[in-house]
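Engineer: Listed below, chain by chain, are the residues.
There are 2 protein chains.
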Amino acid sequence: MAHSMNSSPINQQLSQQNKAIALRFAKAGWGTQANWQQVWDEMMAPDVVQHFNDFPDAVVGLDANKAFNQDLFTGFPQLKNTIENVVAEDDVVIYRSTLEGKQSGPFLGIPATNKTVKVNDFTMLKIKDGKINEWWYTTNLLSVMQQLGLAPDA
Amino acid sequence: MAHSMNSSPINQQLSQQNKAIALRFAKAGWGTQANWQQVWDEMMAPDVVQHFNDFPDAVVGLDANKAFNQDLFTGFPQLKNTIENVVAEDDVVIYRSTLEGKQSGPFLGIPATNKTVKVNDFTMLKIKDGKINEWWYTTNLLSVMQQLGLAPDA
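Taken in sequence, the protein lines are chains A and B. Straight run, no breaks: the first sequence in this note's numbering ends on number 1356. Straight run, no breaks: the second sequence in this note's numbering ends on number 1356.
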């Protein structure tokens, strides 16, 4: 394995700092925490871009990101977020988590079903100057719809 | 940042070797390659476990994994797989890719629609003794169904 494939010590330290940023975002910045919006103000770049689940349009800017996620959290106000794995390298952090919660409010236009959903997801953050600059979020929304009773099982 | 949070040089070399394994799996082991099954035989542990998209049952064992993915590839025989990001640390590799292809065969019980689909996905590999030992695959199947014309847009 060529030495050039290894990260430099400086990059390695950066990736560990970025991992700490990701863990704080995933825990304190989660929508069931009282101060999540303040955490997002601190941790995200003003022009942050979110790529949510293959939606055709990216969510651009801190205010739009907060509004978008406020809507998502309304559907699942008690969603439990368990971090399963975190991997960091250079300016990228990817983590896998398990989500579990009851849909007690509207979600993507669907009225409350009061059914409980459990899914896996992946979040990828690109971090620049200590701020979340661009991020990707993917979960299987078909499984969410199936568990809510709104789509037939595969 | 405490030094203990950094990977050791040995772990770092291992993670780079694991990244090379992931890239070979993602490229040569993909279902549109002629010899993908031979690549899987070489690269996967006999008792490999796959967690596919929140399906309730894991896919256990090399033969079951090959059969399961043979079925998936039948639906999209020309699926193009573009690796966007790869992050490795210790025994874990996570990569994000973009998939694009036409559903010209049956897929999860759905007859061919001949429609083209483009989605993002995440794959996480756990590697033990140089073999893929356990893996997770997540994509938004609701977006797949929407692009195939089989689910209403969100």
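Because the hints were derived from the structure by calculation, they are not lab data. There could be a bad hint or two in this list.
Any copy will do: because identical chains look the same in the list, a pair fits if it lies in one copy or spans two.
[Unchecked claim] Capping the alpha-carbon separation at 16 Å, the derived lysine to aspartate or glutamate pairs in EDC-like fashion look like this:
| hint | residue 1 | residue 2 |
| --- | --- | --- |
| 1 | K1304 | D1259 |
| 2 | K1320 | D1256 |
| 3 | K1304 | D1355 |
| 4 | K1328 | D1265 |
| 5 | K1320 | D1249 |
| 6 | K1317 | D1265 |
| 7 | K1333 | D1249 |
| 8 | K1304 | D1273 |
| 9 | K1330 | D1256 |
| 10 | K1320 | D1259 |
Engineer: When the structure is checked against the list of hints, which entries are broken? Sort them ascending.
Structural biologist: 1, 3, 4, 5, 6, 9
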